Amino acid sequence: MSVKVEVSARTQAARLQAASGGPTSFVRKYIFSTDHKVIGIQYYFLALAAVIAGVILSAFMRLHLAWPGLQVFGGTMKPETYEALLTMHGTLMVFFVLTVAPQGGFGNYLLPIQIGAPEMAFPRLNMLSFWITFLAFACMISAFFVPGGAPLSGWTAYAPLSSLGQVTGPGEGLGQTMWLVSIGLFCVATLLGALNFISTTIDMRAPGMTLLRMPLTVWAWFVTAILSLLSFAVLLAAAIMLLLDRLAGTSFFVPAGIVVSGKLQAHSGGSPLLWQHLFWFFGHPEVYITILPAMGVTSHVLSIFSRKPVFGYRAMVSATCAIGVLGFLLWGHHMFVSGMSPYSAFAFSMATLAIGVPSAIKTFNWLGTLWRGKIQFTTAMLFALGFVSVFVTGGLSGLFLAQPAVDSLLHGTYYVVAHFHLVMSMAAIFGIFAATYLWFPKMFGRMMNETLGKVHFWFTFVGAYLIFVPMHFVGLAGGVRRYADFTAVPYLWSLQPLQRFITWAALVTASAQLLFFWNLFRSLRHGEKAVRNPWRATTLEWITSSPPPHDNFAGEYPRVYRGPYEFSVPGASEDFVMQSEGDNV
Amino acid sequence: MSEHPRTSRFDFAGKNGGDGVRLLDASGLVPQRTYVTGMTMALGGILMFFMALVSAYVVRKGMPNSGWIAIPELPRILWLNTCVLVASSVALVFAHARFRAEDDPGFRRWWIVATALGIGFLAGQIIAWRELVERGVYLATNASSSFFYLFTAAHGLHLAGGIVALIWILLHPTRRLTRGTATEVAAMYWHFMDGIWLFLFLVLLVER
Amino acid sequence: MTARVRAQRGVCRNTGHHDPATTWRACGGAAPAAMFAVALTVLVGASVYFFVWGKWNPPAAITPVGNEIDAQYRLTLIVTGAVFILAQLGLAFAILRYRDRGKVAHYSHGNSKLEFVWTFSTAVVFLGLGLLGYKAWGTRRLTPAAPNAVRIEVTTAQFVYYFRYPGPDGKFGSTSPKLIDPATGNPLGIVPGDPAGRDDIVVPTLTVPVNREIELLIRSQDVIHSVFVRELRLQQDSVPGMTVPLHFTPNRTGRYDIVCTQLCGLGHHRMHSYLNVVSRSEYEKFLTQQERLLQQTSSQ
Ligand code: HEA
Ligand code: HEA
Ligand code: CUA
Ligand SMILES: [Cu+2]
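Protein chains in written order, with numbering that gives the first Met the number 0: chain G, 0 to 584; chain Z, 0 to 207; chain L, 0 to 299.
Just chain G, same shape as in the assembly (with noise of 0.2 Å):
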């Protein structure tokens, strides 16, 4: 026995010394790092690629809408055009931006930190995971150069539109496969990525840190990691039946006797709804998945600048559980009108507005970490408090859509991409901006302007509203989303001045960003140095030097006393304890 202890403590020794100093070749550093931190900032910046992608893909897409005559790069724009700019659009912006951002990256680079470990549990999966979505990314990108050109089937790529081949449109040929097998990597590297997350949350906290002691950003990121890891299996089976349909000539969603453009289709008995049941057994847990982090952030962020804990930590933690299992539950409501049993839909209106109730726990806790605090108005707050004001706008309209009934009039219009935009786009994307502008300075060792920073805020909070409530009223009016134009139909061209309005704030909207841009990578040169807290912040990334060193706590690894949110502690000497210092200071 002895020789293995010996064994033993020399891998120990090594794996230290490893820790502390890290690699030093550039490649190992930098491209095929394990370290998490690294590997938080790649991600970040494939999502900070996707999302430029995405505004540059929805700008099209709205002057279009508004000016469907309209010249660009020397003709109008086809039809098909429109179409598989749509599916990039919701396709990049659900999976690579609003999964790879929140999670893959803040949740990467912050997690490990906020419960005192020094690295992830499996650093090795870890990088395995970023290049394999970002092997996705670039074979999604791809599917617009290949012939045909990119999908239209839109982001719910539904059967059998998405599964017969090239006859049911352009990009419906090797556009649609390459989309199917991007989802299906990315799908894999999610599902890496989620069991470290969860490892990681559940065996390598610091002494101390016990389940209810962990920031609520951790919570997010940790529930997060459960729904992606339960929902992303399901969606891989399905694109991998998806794809069988496609190139083996299986039939598990096409039905027999269908006739494409006279052509007699050689399928049979498979089911159209099976592919919606199994998309949104995943498209459902996604949103929450894309909401989670953002809304963990807010929490954090809040609780911050009000100089206050966080108004009931053991409920939000509740509601972020509850909307864990409760959105396994609830898919069917994108089903309503899809000729699904309309018996199921009583079952799944009721698991629907039941959601509803933990996102109102949490939209009045968050009310009520403001109320009597000291609010401290940094952009990361700025954008935090618009948040909340988003979220309710987007959530509300969001119990329209729940009730089968109204749903019957709104569904497949605008004001479903009213809703979710709202909810999705803006409140996670403000997520993102405020997560950016409250971590930027522990991630790159320098400030973010907040000059610029609230002027971009400004800007990106007017221009939400002003491009999506005004899409509610193109959707009561019964305009229908996803449509090249509105000119074939009398009623929807009549509505062309809202969509008009719309494309001029989602111009600026969207060039209001450039701020944002030239904020980041200008500051990441020339911004002040940062301190280790500039926040005056209680969480144990605030403990460490900024950026933090290759093992986090430079050997100095914290041991947790106390919850995650003490701000003015009545006695305490500063307005902020520390969740390291001890119960004798």
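These are calculated hints, taken from the structure and not from any lab test. As the structure is a prediction and not an experimental result, all values here were calculated from the model. We put the CB at the ideal spot given by N, CA and C, even for glycine. You may find that some hints are simply not true.
[Claimed, not checked] Each pair of labels, with its calculated beta carbon distance range:
hint, chain 1, residue 1, chain 2, residue 2, range
1, G, THR486, L, VAL51, 26 to 32 Å
2, Z, GLY194, G, SER317, 28 to 34 Å
3, L, ASN66, G, THR450, 50 to 56 Å
4, G, TRP130, L, VAL123, 45 to 51 Å
For this one, chain G is given, so just place chains Z and L with the ligands on it according to the hints.
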């Protein structure tokens, strides 16, 4: 550097939280907890994957106008394969017991048996496929055959991964330290894949 | 106090508010608070104005169920509207009232009683809304159409609608996908030998009599499409391989747009037809005219 008390994994309110740094057990016999957790999570994801396939199977078969034509008779060799896979799991249990008893040759012997039986199972599955192909039952012949090939291929791929792991452990005898973890985690995976096959086979037999 | 903790404290003291570089502490200012409050108030004002104005509300419903849906919509609008106003103005108030004025924040971890009350009351409001709203869904979707309803088959295909009337015999002829051929005038693939199909009328727009129950039997030939008439407050996907029934009783004559709301390919945006609700006599006229046309073409 602070001490690392070992505490319950789900410590909600006690004074102690996690372990912080991953600790290698000095003897190398006790699996590192993190890997067990990680494998548990991976198995959770894999379970969801197969549950998705199985529920798709049940729904697809139950459709009106499903055009479902059950495969007349499942290849008989599947029964044999099933026995082989179960035997492989049993052999792995023995191997593990030998490992804990620090009987290295015994461990290796049973481990090899388990691996060989696993390879035998895969070979048997391929024979089953060939039998179906000879009967003219292809992937796209009917939904029933599509699901049959899909189930067996998905499971077979997962199992092949397991075989790679078993062989890898066999080929790296010097790493005594991580052995405890590696054997434990590989065994978890293997038994789980065994269970998944039993479940899939049951579905194929009962829900025809 | 341990050395480590002292070290941390030292760090904080050196680098916290004593550090001139961190100017952010000057941001409890009145200006951003006021801007925020104004922005939220304008948001509330403008939203209420536009929703009450109702310029973009859909035209009046033409079925009793449509009116029920409108009522449910209005109820939801009032409830969520109230919540919207309270939440946004509450946020504005908190921002104005509790901005950093140099005083210490109130140390509190919450209030269980309050939390229980709002959890419970939102649950009641949400589930109550759901239960109330279910009637409008149930009347249409859970009860079958009356046996004497006018049955019309709707078939969708990439980017057109076909409406089939059973003709005088009241029966739809059988169809076969192999026979589908719009070029030779048989877009639905009606089997020529089937006597029930000989008198079937196939037209590109939907004409129905007023004040009669109509049952649509919705099918699709290729991908998923849908049938949406905003005046009916009604939307239903057409799914290949399925026949989905849908019934309604229009009570006002007129011409209404039918559009496709399910992404179906590059022509999705121009997939369009009309619903003509006509008086009973006009409906009879329409039918006889179509029958005459049919006889002419088949005798040629
Ligand atoms: C971040 C993403 C996100 C989030 C959080 C939500 C949240 C909700 N969503 Fe949304 N949804 C999407 C993203 C999201 N959704 C997307 C992407 C789609 C479309 C996909 C596609 O088709 O392409 C969609 C579509 C969608 C539909 C289908 C519509 C259709 O296609 O016909 C429905 C229907 O039920 C729905 C409902 C809801 C509800 C009830 C909530 C609730 O969770 C909201 C709860 C929040 C609140 C209610 C506000 C705060 C609460 C209070 C202030 C408390 C007090 C309130 C009261 C007492 C009333 N959503
Ligand atoms: C994250 C999700 C997200 C985001 C941000 C956006 C942003 C925008 N979206 Fe999109 N959209 C979707 C998700 C999103 N969308 C989805 C899922 C669909 C459905 C697709 C389908 O039907 O299949 C859709 C569809 C959709 C339509 C419907 C088209 C149709 O049905 O015909 C329209 C139309 O106007 C539109 C417009 C816009 C505009 C103008 C913006 C923006 O340009 C507004 C301005 C943008 C910003 C203010 C955000 C910028 C963000 C950053 C700079 C963040 C940087 C940081 C990091 C990511 C690290 N979108
Ligand atoms: Cu047909 Cu859209
Ligand atoms: Cu949903």
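Against the structure, the hints come out as follows:
Between THR486 (chain G) and VAL51 (chain L) the CB atoms are about 31 Å apart, so this pair conforms to the stated range of 26 to 32 Å. For GLY194 (chain Z) and SER317 (chain G), the Cβ-Cβ distance of about 33 Å falls inside the hinted range of 28 to 34 Å, so the restraint holds. Look at ASN66 (chain L) against THR450 (chain G): about 54 Å separates their beta carbons, and that is inside 50 to 56 Å. Range check, TRP130 (chain G) to VAL123 (chain L): about 50 Å between beta-carbon atoms, so the 45 to 51 Å window is met.
The structure meets every hint from the earlier list without exception.
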